[in-house]
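> Listed below, chain by chain, are the residues.
2 protein chains.
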Amino acid sequence: MAENTAILETTIETLVENKKYATLRDILVTMQPADIASLFADVDEDKLPLLFRLLPKELAADTFVEMDSDQQELLIRGFSDVELKEVVDELYVDDAADIVEEMPANVVKRILRQADPEMRKMINEILKYPDDSAGSIMTTEYVTLRPHMTAEEAIKRIRRTGVDKETIYTCYITDDNRHLLGYTTLKSILMADEDMEMSELMGTDIISVTTTDDQEIVANAFSRYDLQALPVVDKENRLVGIVTVDDAIDVMEEEATEDIEKMAAITPTDKPYLKMSVWEIWKSRIPWLLLLMISATFTGLIISRFETALAASVVLTAFIPMLMDTGGNSGSQASVTIIRALSLGDLDFSDIARVIWKESRVSLLCGVTLAAATFVKIQLVDVMLLHNDISMLVAAVVCITLALTVFFAKLVGCSLPMLAQRLGFDPAVMASPFITTIVDALSLLIYFRVATALLGL
Amino acid sequence: MAENTAILETTIETLVENKKYATLRDILVTMQPADIASLFADVDEDKLPLLFRLLPKELAADTFVEMDSDQQELLIRGFSDVELKEVVDELYVDDAADIVEEMPANVVKRILRQADPEMRKMINEILKYPDDSAGSIMTTEYVTLRPHMTAEEAIKRIRRTGVDKETIYTCYITDDNRHLLGYTTLKSILMADEDMEMSELMGTDIISVTTTDDQEIVANAFSRYDLQALPVVDKENRLVGIVTVDDAIDVMEEEATEDIEKMAAITPTDKPYLKMSVWEIWKSRIPWLLLLMISATFTGLIISRFETALAASVVLTAFIPMLMDTGGNSGSQASVTIIRALSLGDLDFSDIARVIWKESRVSLLCGVTLAAATFVKIQLVDVMLLHNDISMLVAAVVCITLALTVFFAKLVGCSLPMLAQRLGFDPAVMASPFITTIVDALSLLIYFRVATALLGL
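From first to last, the protein sequence lines stand for chains D and U. First residue of the first sequence? That's 5 in our numbering, and the numbers climb one at a time after it. First residue of the second sequence? That's 5 in our numbering, and the numbers climb one at a time after it.
Errors might be hidden in some of the hints.
One copy or two, it doesn't matter: identical chains are merged, so the pair holds either way.
To be verified - Okay, derived cross-link-like pairs now, BS3-like style, lysine-lysine, Cα gap no bigger than 25 Å in a straight line: (1) 125 <-> 23; (2) 125 <-> 287; (3) 279 <-> 362; (4) 125 <-> 61; (5) 160 <-> 113; (6) 132 <-> 169; (7) 61 <-> 362; (8) 362 <-> 113; (9) 61 <-> 191; (10) 23 <-> 51; (11) 362 <-> 275.
FYI, nobody ran anything at the bench for these hints, they're computed from the structure.
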């Protein structure tokens, strides 16, 4: 696919240079909006408006939605008012709101001026909800039906009003005050007798969210209940919007990416990697590196305290990286497993006892396995093969430390994310780097304590 | 939510004990299949069949699909042939295939015996595709239309045959030999003039996958093109199935979880955490811990080689954890960012030069910032506050090492995942633990090299 894109880019460039606009248009209309947007992302700024104007109206709007906000802004600044209106008229209101959110104030004003009054009202409605809330990702274009409508009337209404709706496949039944009474699907309506009323046809086991619910709740509802659309209600249970499955998928990917970034000690951003400037990447990474570096110096302090012991038995130093790394890896395994389960809603704080009991046994098994492997390795490789002077006692110190470190690392790894969530923090922050820093200090403390006891340093 | 579940569990237990089956049924029918399955997961094995039999036929089948395979097996073993047939008849064929895949041979035989011949054929069709391929997650229940059909005829056909289809909202137009010609939506059909033919109404810019394509390709197509359903074709472009959006969402979550697990050095499994036995968790974690532990001993070898130098200047030892951790964290940041971008299809191997150029500048900035911070910290805290004997030269060694380590860590972190993908390996394996192990060795080599040069050890 990547190679094809490269070939296509060259073709398009040549066609632009030779001013073969008819051919260009013929090629573009066969393509998907997302692919056109990818192609445009690599086009020279001055050629972009020209290429964009080749697209037929609807494809132009669909492509516009898929482009990144820098390019959108560039195009809008070049648009005449008529051109801008043409694009805005074709947009779904939730996409329009997403675009408006990213634009500077003067561009926002121009967009809102071109939108018809109904759309302007809806955009403003969506914009008032907090970032990452259900309200901010919903659309206000959905089909509502009344309880007394028959299937025949419902189909007529959908035919008449459905053109601009983001989905017509799930319909919502409301009373005169917009209270949500139930839902039904176009499939049920189409399969039903013509004179069956919505009140008989509708399901009342409604899954809904409120406008201020976090988008992660929205995404989890879609995956748990296999939804096509999810109604968003206000505090009085009045229907104010719906979230469609394509937007829920975007949220899912965004949330998974955010979790992964947090786990790797990166401040999440919603820009794709190649679009971020070097400074932006630096800003997203450096605070955590600094914080973790400072924490790691405490580990250094522990080593300093045992400087004399280390100087007396330098062979102990050689095992420090292995002990710290294995402890860190063991802790990360536990923390990442728990963080993911928390994110997907498979676990919550009430499970903490079961989790700790399970991890204790797993960590005991892992600790013993690793200690045994290390003991064999020291005897076979270090002592017999390399003729290093490692006494049985030193080997014992290393293996006991390893088993204890793995045990505590896993307990810390599984319990910190759950505690974080309980206290209202994001558990994803309690992942590898954080756990590693704690476990490093822990492993050294255990190491020197065991060494002091067994070797009498 | 979790607390409500606990209350509900107690209520249900009490009702079962008091044999209030009518009340129980009234409660269960108001619930969603996924929630009933969660509830059943905590119910005693001997009470499960009794509770399951309370569910009306359709809800029973929907709940059955959501249950885990151990409980499904338990129920099937207790079912009479008639009961089993009732459940199987209500299943969609892709769900039935998923269930059959997890069952032991004798249970599979019983299920296939109860399925009607048409369904048995379809299940067998799906079962022949490799795990995690598009063929293995598709359904064979979809709506096909012919090019000459009018909108009116199409709606009649959908009304007549749509009941058992997994979706009727995207319809596929095929020729007499099942070759895929185009697609259309129920919305377009419903909005069109009654006598408009499918050949005029259909889109021909088809996005499709072949049966053997990996499910990750399927998931990425859904998110890139905002699809509701994706057609699956064989090598001759004959339509053999479709993947619906709810299954694509499951794949997305599964793939994200797999990536996260691999990044934390865990062998992925598709069982939820609480359902895995201690042995299974141990098996998924221990191979990586062992492998990484053995690699980490090489780091120990480097320390051993410089034992005399360390004994002469023990103060150097205290900075080892900080240098290793910061290097590891820097490398993980880069590798995790790149791995995620590769998974989402935002990056591929052709971008490697851009990525390396970007990461070089980011790592230079990060390295210099961290080195400067460390220099200030050594002077203010270690020297002035703690009166440690750290010479300017030692501080210089630490800071130069830090800057170099961060620089190389990020380059290794960003390039290894891309190389891995190029060579056909899974880039997710090239994440934190693996990078950390490499970077540990790297940072020590740099450290001792710089120390030898500057301190003349």
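> A separate judgement is required for each hint: does it hold in the structure or not?
Hint check results:
1. 125 <-> 23: Classified as neither: same-chain Cα gap 42 Å, cross-chain 55 Å, threshold 25 Å.
2. 125 <-> 287: neither (37 Å within a copy, 57 Å between copies)
3. 279 <-> 362: Result: close only across copies, 11 Å inter versus 43 Å intra.
4. 125 <-> 61: within (23 Å within a copy, 46 Å between copies)
5. 160 <-> 113: neither (37 Å within a copy, 48 Å between copies)
6. 132 <-> 169: within (21 Å within a copy, 40 Å between copies)
7. 61 <-> 362: neither (59 Å within a copy, 37 Å between copies)
8. 362 <-> 113: This pair counts as neither: shortest intra-copy Cα distance 57 Å, inter-copy 35 Å.
9. 61 <-> 191: Only across copies: residue 61 and residue 191 sit 20 Å apart there, 31 Å inside one copy, limit 25 Å.
10. 23 <-> 51: Within one copy only: 11 Å inside a chain, 75 Å across chains, cut-off 25 Å.
11. 362 <-> 275: between (39 Å within a copy, 15 Å between copies)
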